[in-house]
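Engineer: What follows is the residue order along each chain.
2 protein chains.
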Amino acid sequence: MEIHILRLSHRAERDKRVTTHLGLVGRAFGAEKILIGGQRDPHLAESLMKIVERWGGDFSAEFVKSWRSTLKEYKENGWVIAHLTMYGMPVRETAPKVAKKAGPDGKVLIVVGGEKVPFEVYESSDFNVAVTSQPHSEISALAVFLDRLQNGLEFDKDFPDAKIAIKPCQQGKDILTP
Amino acid sequence: MEIHILRLSHRAERDKRVTTHLGLVGRAFGAEKILIGGQRDPHLAESLMKIVERWGGDFSAEFVKSWRSTLKEYKENGWVIAHLTMYGMPVRETAPKVAKKAGPDGKVLIVVGGEKVPFEVYESSDFNVAVTSQPHSEISALAVFLDRLQNGLEFDKDFPDAKIAIKPCQQGKDILTP
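Sequence order for the protein chains is A and B. Following the working numbering, the numbering of the first sequence begins with 76 at its first residue and continues without gaps. Following the working numbering, the numbering of the second sequence begins with 76 at its first residue and continues without gaps.
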């Protein structure tokens, strides 16, 4: 499965940390790319790319001119669109449906909203997915959706060309610097 | 299962949003309480309690004088301590072990670090759990751990006495205000 993320309506100051964390979650949980709409902030994309350089893998982060055009383009290219919203259908039942529609070699675009998501996003999406119908965080919603979409297989992902890696241990820290 | 969260080393300005989101994730994913160590910020606890009042359930948020004493007290009272750290053992294998050790009526304290977690936290914990060994976010780590610890049963949780609730729908928004 190939997974990209489209983050809507980034606000340069207020959302810096949240959008960065969305990128890190995407990378750590098996997505290949985050596309960011809203206010451009080259530092943000750069700081994500620095983490990729250090921790390996081929994740990328870029700002897009218009999320609307990006969404349209992905739809036209046959990607399955899954929009994360607390108003959508329960993730437990819906994530397997998204995976089934995409198929093993399929492509999924995950749309993560900002403030006030326009109704056309709900309409353009193949699935509106609720990771609980309670308020929490885009960051947690994205992680749990990615975990359930891939059924835990994201934990087997390799991050080649890393300058630093961690070897799991019961207690303490075991850092590998190849 | 009864689940509390202990957040270490909160910094009033810098961590406001992250600690708030940790509280919201805890509430939405079936925990009963968040205890916060570090700089006191009564507004933060208040704003979480306002969400509880509006969205229902009996979650609570409070600052503690010393996380060290809190951790000690929970240990003495027989709670299973699970510390989330990227240096720990993989969540996929470890979450079921935590659940097994706690048992169905058991009690789990989840420790979420801040900057530089002292080694005694690693030592005092029954489990050091890594939600991937890659950098991402405390918020996503907590959500995925809670989901795997409870095996999705957190999605069946009720939030009694809510002033607002959302009914899942395929498209758009269906808000209930009883």
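Among the clues, some could well be false.
Chain copies aren't distinguished; within one or between two, either way the pair holds.
Unchecked claim - In silico PhoX-like links for lysine-lysine, alpha-carbon gap of 25 Å or less: (1) 147 x 248; (2) 191 x 238; (3) 191 x 91; (4) 150 x 125; (5) 150 x 248; (6) 108 x 182; (7) 108 x 176; (8) 242 x 172; (9) 140 x 175; (10) 91 x 175; (11) 172 x 232; (12) 150 x 242; (13) 238 x 150; (14) 182 x 140; (15) 140 x 172; (16) 248 x 125; (17) 108 x 248; (18) 91 x 150; (19) 172 x 248; (20) 232 x 125; (21) 191 x 248; (22) 238 x 176; (23) 140 x 108; (24) 242 x 191.
Hints listed in this document are in silico derivations from the structure and should not be mistaken for laboratory results.
Engineer: Each hint needs a verdict: does it hold in this structure or not?
Structural biologist: Okay, the hints, checked on the actual structure:
1. 147 x 248: Answer is between; shortest inter-copy Cα gap is 22 Å, intra-copy 45 Å.
2. 191 x 238: Between copies only: 21 Å across chains, 40 Å inside a chain, cut-off 25 Å.
3. 191 x 91: both (18 Å within a copy, 22 Å between copies)
4. 150 x 125: So residue 150 and residue 125 fail the 25 Å test inside a copy (30 Å) and across (40 Å) alike.
5. 150 x 248: Result: close only across copies, 23 Å inter versus 44 Å intra.
6. 108 x 182: So residue 108 and residue 182 pass the 25 Å test inside one copy only (12 Å; across, 39 Å).
7. 108 x 176: within (20 Å within a copy, 38 Å between copies)
8. 242 x 172: Result: close only across copies, 19 Å inter versus 34 Å intra.
9. 140 x 175: Neither. Shortest intra-copy (31 Å) and inter-copy (50 Å) distances fail the 25 Å Cα cut-off.
10. 91 x 175: neither (34 Å within a copy, 39 Å between copies)
11. 172 x 232: both (22 Å within a copy, 23 Å between copies)
12. 150 x 242: Answer is neither; intra-copy 39 Å and inter-copy 27 Å both fail.
13. 238 x 150: neither (36 Å within a copy, 38 Å between copies)
14. 182 x 140: So residue 182 and residue 140 pass the 25 Å test inside one copy only (22 Å; across, 49 Å).
15. 140 x 172: Classified as neither: same-chain Cα gap 31 Å, cross-chain 47 Å, threshold 25 Å.
16. 248 x 125: within (22 Å within a copy, 39 Å between copies)
17. 108 x 248: neither (29 Å within a copy, 29 Å between copies)
18. 91 x 150: neither (28 Å within a copy, 37 Å between copies)
19. 172 x 248: between (39 Å within a copy, 21 Å between copies)
20. 232 x 125: Cα proximity of residue 232 and residue 125: one copy only (19 Å, versus 40 Å across).
21. 191 x 248: between (42 Å within a copy, 12 Å between copies)
22. 238 x 176: Answer is neither: 37 Å inside a copy and 36 Å across each miss the 25 Å cutoff.
23. 140 x 108: Within. Shortest intra-copy distance 16 Å satisfies the 25 Å Cα cut-off; inter-copy 42 Å does not.
24. 242 x 191: between (41 Å within a copy, 18 Å between copies)
Of the numbered hints stated above, those contradicted by the structure are hints 4, 9, 10, 12, 13, 15, 17, 18 and 22, listed in ascending order.
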